[in-house]
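Go by the hints and put chain B onto chain A.
Single-letter residue listing:
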Amino acid sequence: MITNKIFLALALAVVLLGLVSAAETSYCCEKTNSGAWCQNAPQDQCNSSFAISPTSCESTGYCREGCCFNRNTGTCAKNSPEKICTNDGGIWTSEKTCSISQCSLGCCLIGDQAAFVSRTRCGHLASAYGLNVNYRSDISSEVACIATATADVEGACVWKEGFDNKCERTTKAKCSELSSSRNSTFYDGLLCTNSALNTTCDPSEKTTCVEGKDGVYFLDTCGNLANIYDSSKAKDETSDYWKEIIDPLFSCTLDLGSLGSQSNCGNCNYYDGSTCKKFERTSDIYAPIYGDYICRDLSCDYDTDGIGGIDAINEHYQHGETWCAQSKGSSEIIFGEESTPDSSEENVPGTRYFRLVCYNGEVTVEPCADFRQEVCMEQKVSTPTIPKGTFSNANCIVNKWQDCLAQTDEKDCINTDMRDCSWISVDGHGKCVPRYAPGLSFWGENADAMTQCSTGNAKCKVEYTKSIEREGGNTLGLKTLKKTFEDMEWRITDNERCDPTEGGGAYTNWREDLNNYCVSLGDCGFSNNYMEQKGYSNWEDIITYTSKMDEEEMAEKSE
Amino acid sequence: MTGLREDAPLVLIQALMKNKPNRKFINDIFIIMTMKKGVIESGKGQVTIFIIIAIAIVALGAIVYMFYPQLKASFGFQVQNPEAFLQSCLEEDVLDSVDVLSPQGGSLNPTLYMMYDNSKVEYLCYTNEYNKLCTMQQPMLKEHIEAEIKGKISSKVASCLSDMKTNLEKQGYSVILREGDYNVELLPKRVVINFDNSLSLKRGDDVSTYEGMNAAFSNNIYEFVSIAISILDFEATYGDSETTAYMNYYRDLKVEKTKMTDGSKVYVLSDRNTGYKFQFATRSMAWPAGYGLE
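Protein chains in written order, with the working numbering: chain A, 1 to 559; chain B, 560 to 853.
In isolation and in its complexed conformation, chain A is listed as follows:
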């Protein structure tokens, strides 16, 4: 109950301070001195050359946010103030979220490319490429849009030049365009190396990468693309390999885990973790049998545990895999396996969470929000095809700790849909605390740390008693005092666990219990920081002992 009162007081303080704060920042600056448009800030931060009103920007005409769109290019921007929109030639509407027809997205198909954009932008792109517009408003997702993009059917475009049959691999449309100038014939699905076409193009051992495609392709002697690189078929003149265009689905299978597969097969797939690159000794383990290009393995190795060296299985990550760094002081948070962290070692002052991302053979580090306002959560998906057995997806998620202290019911406290809190026992009572202790500001006059940590303050009054023992009765039947008051011994009759001299193990437990509560609140209490440096060096810094009542006071009480 006392805690509740303290929290209510804190909540009240928050509200009051919020009001004070709002009173300080209630000017809407059309432009601030730092150059930001439309910010609520104290008056002295507003640029006096622009509009200033003692109200929030949402209430002003000059900083009302809406949707800014460009009539020609079809680009749309949400949360845009009218003035900066129109200054740059945009058209402004009050529809803040851009839910207007000019900004609704659809699938723009241009040649074999696709983009999920507005109709206007599609038209703009098509004119930039000099191609016809094919806009599909019925496709409502980017993934579906990209999947819809298909290349035109290709084949061999053959024409006569002197006594020779020249050939170029191209689309039917392009071949038709050229047919007027060179009287060419299109052979759907055939390669220029097809012997039946009797062209000057022959199979070669040269390979190449193709923009917009993942695989390694053989080239013919005329420089035309042939099929996906397959070393076993390089000299094969009997099969269809050098005769027809073969879909990559029916080409060789690349197995990055298999010895030498990269040397022999160029059927790379970006989503499976490989792409066509020029062979480099420093980056590639295997060299191609023919040509200079290879399916590069895009997986990554990273010393996640930070102890040096790479664990070939557990520290080998697939292309596209994301996972949480094992940064000092951070909790290992696995989706579906959330547990209460050890507050003495985890989420200690200075701890921050980081997400690691493996793409294109390179690991990038993404810090989560500072002060543990975000934590990193990892989900491990069972994937038997990779040695580690799991594929990780990690994300920085918001740490919802703010209302933990207000929870008095265990069920409400541990409701993970609502908050990230833990129910712990403090000195025999259940308390709701942040599961991942937040970082607190300790600087400034009204620093969070002072307010938040003070909710963990506790007072324990140890009761000492002197018992009056009497000797046997005299002739009147009255007992006499055995000893004088001063000679009597003090005995603890209540809260012995709080007395450092008498409490023993109970005292240590009580102290640990309360400190555990404190450190769970945030950067409070007696703990080391993330670098394992001591904060408060002694318990005495956080526990204050007041002296016993003086003798006179006790004598009065004893009477």
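Do not rely on the hints blindly, as some may be mistaken.
To be verified - Some residues of chain A that are not near chain B, with every Cβ distance over 12 Å (derived):
#, residue
1, Thr73
2, Thr86
3, Asp88
4, Lys160
5, Leu259
6, Ile285
7, Asp292
8, Cys358
9, Asn399
10, Trp490
11, Asn495
As the list claims (entries may be wrong) - Straight-line Cα separation of at most 30 Å, DSSO-like style, residue types lysine-lysine; simulated pairs:
#, chain 1, residue 1, chain 2, residue 2
12, A, Lys83, B, Lys691
13, A, Lys278, B, Lys813
14, A, Lys380, B, Lys813
15, A, Lys278, B, Lys748
16, A, Lys206, B, Lys748
17, A, Lys243, A, Lys166
18, B, Lys709, B, Lys679
19, A, Lys172, B, Lys748
20, A, Lys96, B, Lys691
21, B, Lys836, B, Lys711
22, B, Lys813, A, Lys388
23, B, Lys748, A, Lys213
Hints were generated in silico from the structure; no laboratory data involved. This structure is a prediction, so every number in the text was calculated from the model and none was measured. Yeah, the Cβ is synthetic: ideal placement off N, Cα and C, and Gly gets one too.
Only chain B this time, still in chain A's reference frame:
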């Protein structure tokens, strides 16, 4: 004289003949050039002169290579095609301005910015408050960049048009150049400058007219700006964005997001092949330390 072979001059000539410059060869040239007079025998002295001439030729070649567009304009290389001339004349300035504004969020002189990696990175969506979605600072980012480039190259455009006219007149053309405005447009894989000019050339019976010339420069800034706009849309709607989605769609793209202590974020978009970078900052849905009571 350490490292100089006795037959150095002969080796140098052989190397020149074979056109195989190497580190040793360059060292030898340097050492010979710093030799005191009289150290080299008279026969070898002649060879030295040849070497010096050879070096001068190479140096001249290098200068021509490095300053070709300017020399072309200054020394009166013939203007065969006015558009090609403008392209060549403007290329360096256009691409330089793109290189300057790309790491600065699309502005040549950012006003609202944070320092990151020694660059002033402009906030394109910003709020100074906590727990609040950002306000767009450059809603028309593409148009803003186009205007920035246009402003940066304005004097160069004027001088290029003037040089072109002078050059053509030197070639004996009678030139009528109606100068109009020009605009810069970012398009897929290129930056285009469209001139609203008309140019009439007459030499004898030879008459040619050019209406609305344009110059295109290969660059990927359009693609990067499009991705930046998409990220800004997420920032304005949700307060954050997912970087991996972009790397899934665009294979050579690297998206890095760094969250700062004050809640600002820096996005660095880069091309894994060319190393070209576009970076910008946002501050949206920032959280304070603790309850943010201070």
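Quiz item: For this structure, which hints from the list above don't hold up?
Solution: As far as the earlier hints go, 1, 2, 3, 8 and 9 are violated by this structure, in ascending order.
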